[in-house]
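> Each chain, letter by letter, is given below.
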Amino acid sequence: MKRKYLALLLALVMGLSVLSGCGSETASAEGNKDEKISYDNIMRLGEVTEVDTCDGQMTTEYYDIPFMIFDRLVEATSVAEGKSDIIPGLAKSWEISPDGMVYTFKLQEGVKFHNGKDFTAEDVKYTFERMLLPETGAKNQDFISPIKGSQAMMDGTAKELEGLEIVDDYTVKMTLEAPFGAFLASLATPGVGIYDKETTMEAGTDFGLVAEKTVGTGPYYFKSWVLNDEKIILKNENYWRGAPALDGISWKTVADADTMRMMFESGELDVFDCDYAPTQIGYFMSNEKYKDNTVVGNRVGIYYYTFNQNIEPFGDVRVRKALQMAIDRQSILDNLFDGRGEVLSGIMPPGLVGYNPNLPEIKYDLEAAKALLAEAGYPDGFEMTITQSTDSPDTLSRNEMVQAQLAKIGVKVTIEQVDEATWYAVRADGLLPMYTTSWSADFNDPDNFLYTFFAPGNTNKRSFNFKNEELSNRVVAARAITDNDARMAEYQALEKAIIQDEAAWIPLFCKQHIFITSDRLKGFKVSWNGWTSTWHYYEGLHIEN
Amino acid sequence: MAKYIIKRVLISIPVLIGVVFVIFFMLNVVPGDPVTLMMGEHIKPDLIEAFRERMGLDDPFIVQFFNYLKNALQGDFGMSYKLKREVSDLIFQAFPQTVKLTLSAAMVAWLIGIPSGIIAAVKQNTLIDRGFMTFSLMGVSMPVFWAGLLMQYVFAYKLGWLPVTGYKTWQSFIMPSIVLGWSSAGTIARLTRSNLLEIMKNDFIRTARAKGLRETTVVVGHALKNAMLPVVTMMAIQVSSLLGGAVMTESIFGIPGLGRVAVSAIGDRDMPLLQGTIIFTTMLIIAGNLIADLMYSVLDPRIRCE
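Residue numbers (our numbering), protein chains in the order written: chain Y, 1 to 545; chain L, 1 to 306.
Same shape as in the complex, but just chain Y (with noise of 0.2 angstroms):
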């Protein structure tokens, strides 16, 4: 009996010790990292993933955190619905040489980063080699690339960059390899914003990950991240362009669509992105609750089918364009997107500078595209394959909604689903047949669309295999083009060759992000480009309680 009882006390201790050592840890945990945050005013935002690192230069798919706590020596800003303009940042002012080959950047003065270290030229430096040496592993060195020198950089033969000159602690001037009339709007990627010198090396690897490590100057400051639970970044009361009018941001992790939407109907989130559930945009918008609340912005971006021209018969451009017209693309929008974005003809979409609203239209057209085929020698179409990785329904749907569409002229698809990583791989190696996704500015010029998919080298990378050098070393060469207008022109021209004339790709729509937000959130605007849920430093934008 007493064996027993001593067996039960000892069962008791051990649970009582594991709940008690959970706790204290638990509480600590949380004791530092959220001094009784008052979400009052602060605005609460849900994502369905963790993320992996709030370092910009570290990531191509997360910029929420990176864009708020960081400036950029130059920013892009909504002007009007669809437009973008560059305006100055951490840089003031600059000067371009007439060969458009030197930038020579003013920096503003008195900016303080969020530990009080003043913001110079060395940061500046400091930020664009740190992205450029190899042992940072950083992923966003396309951007900063035109400058002189960033080759041997990344190829580990120079530890500094030749084309980049501090003139004084206020004054930068960047020398770049070959003209490049982007190079501005691509220095205002999320991806390019300046970290204090410092505190960046101080904090080595643990810069991006650790809040308190990872410092800017932008108008919030990194106050708390607990890994798959919430991040929390709060206003920088001595911002240069005076302090936001929202105590901060929180980003919750919601692994589940559902829940998430749940979350923000019973009022625990002020803005529910429909992007996670399209399929909910009816019910918001038909809902007399919601539909007042509902914040619609243009996405720069645009979703698109590809042609891989190294595989028959897609060599043929009469092939091509059969599938052109034989893609109903009106109503993939509608049915998927519940018809909320725009038919897009070229590859440029609206909000990009240098879109042609007068492009020609791709006519759907079943007669056409089969006399077409016929004339191609394919009177009965022929066997083909799309691709696409595993996990992905919103992929499936599209593909098989133009199974259907292609069966209508003969065409008989077979949809191939394989693994991320086997994708990205079969398709860098230029071996992936069709295959459809979506491309969204990183900056504002047409070079970041066409240099993308049609410059010799990118072509084979993403599995286009475009076949007409010319006009891709057009592509090229336009970057150099230093006269902005005539650039502009040349872009449209190259839009209209590659996309109508050679029938290289198969442009879908673009779409539109729709939000819905809060009663007691006010003033809530989509910003102007690819990162359309990012940006939310501007006027206006409070909470009401």
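Hints in this document: simulated from the structure, not taken from any laboratory.
Only a predicted model underlies this, so the values are computations on that prediction, with no experimental measurement involved.
A hint or two may mislead.
[As the list claims (entries may be wrong)] Stretches of chain Y that chain L covers, calculated by requiring three or more beta carbons in the stretch to come under 8 angstroms of a beta carbon on chain L:
1. 85 to 98
2. 218 to 230
3. 240 to 254
4. 487 to 499
Every residue, glycine too, gets a C-beta built ideally from N, C-alpha and C.
The hints should help you fit chain L onto chain Y, whose structure is shown.
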């Protein structure tokens, strides 16, 4: 007793190594190159190669395995590919939330399971018995994610009584604990009921009744004590299945515990993190089973430790 414990702990070691091997092997043969996924599409091929070399991903499988085992024995589960943090740090950061959830779910399971088992047994074949058993059967049959969403809809969204997600207040643990504990409650209720019914047929119960004891004393004081032996062991074993159920529950209720870590590691093909979480959970389950066995032998002297 001490000898028995030592023997059981020693037996656990090859089990654990076996599990590590199987996990390591399986995660190595699944298609998909984690490096490409991790480095993104902008990265240059030579950087990918350098990274593979640094991480030892170029070594033969068996070399990788022994390196991993060697480090794991020293508590070093490597670095998460995606989150770029020590796997052991990530596990220990998440573990307390999972412990809280598992234990509170276990409480729910016991508090619901045992009484309903007793009542069902005492009122055998009545409507009450059927009612309780149906209720527990529902718990066993309903998938956690479905029950979870349903409860969120009713109690958080419609009625507004509880927060939809969270883990910082006791209120936010109510729904996840019930959802997770319900399924175990069913098992425990059924086990309690059948054991109690079995015991109630024994001579000593008849004797107790003949002595004129009150029915409550007979059931609680005499029958239940004996019927609880297998139930207590079951409860220890159930803790491991609760750990499994915590994976879904945490995802739905936004609790940053081990389950969330495991789910995101699967999505990201974050092998070191996934391996670490699975191995850690395996250790917990082995420990749980060990405790269950020990309890059994202590509570029931008829079972010899040898």
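> Are the hints correct? Go through all of them and say.
A quick look at each hint next to the structure:
Counting residues of the region 85 to 98 of chain Y whose beta-carbon sits less than 8 angstroms from any beta-carbon of chain L gives 0, not enough to reach three: the coverage restraint is violated. By the rule of at least three residues with a Cβ nearer than 8 angstroms to a Cβ of chain L, the coverage given for the region 218 to 230 of chain Y holds, with 4 such residues. Three residues within the 8 angstroms Cβ limit are the bar, and the region 240 to 254 of chain Y against chain L gives 3, so the coverage statement holds. With 0 residues having a beta carbon nearer than 8 angstroms to a beta carbon of chain L, the region 487 to 499 of chain Y misses the requirement of three or more and the stated coverage is violated.
Checked against the numbered hints above, the structure violates hints 1 and 4; every other hint is satisfied.
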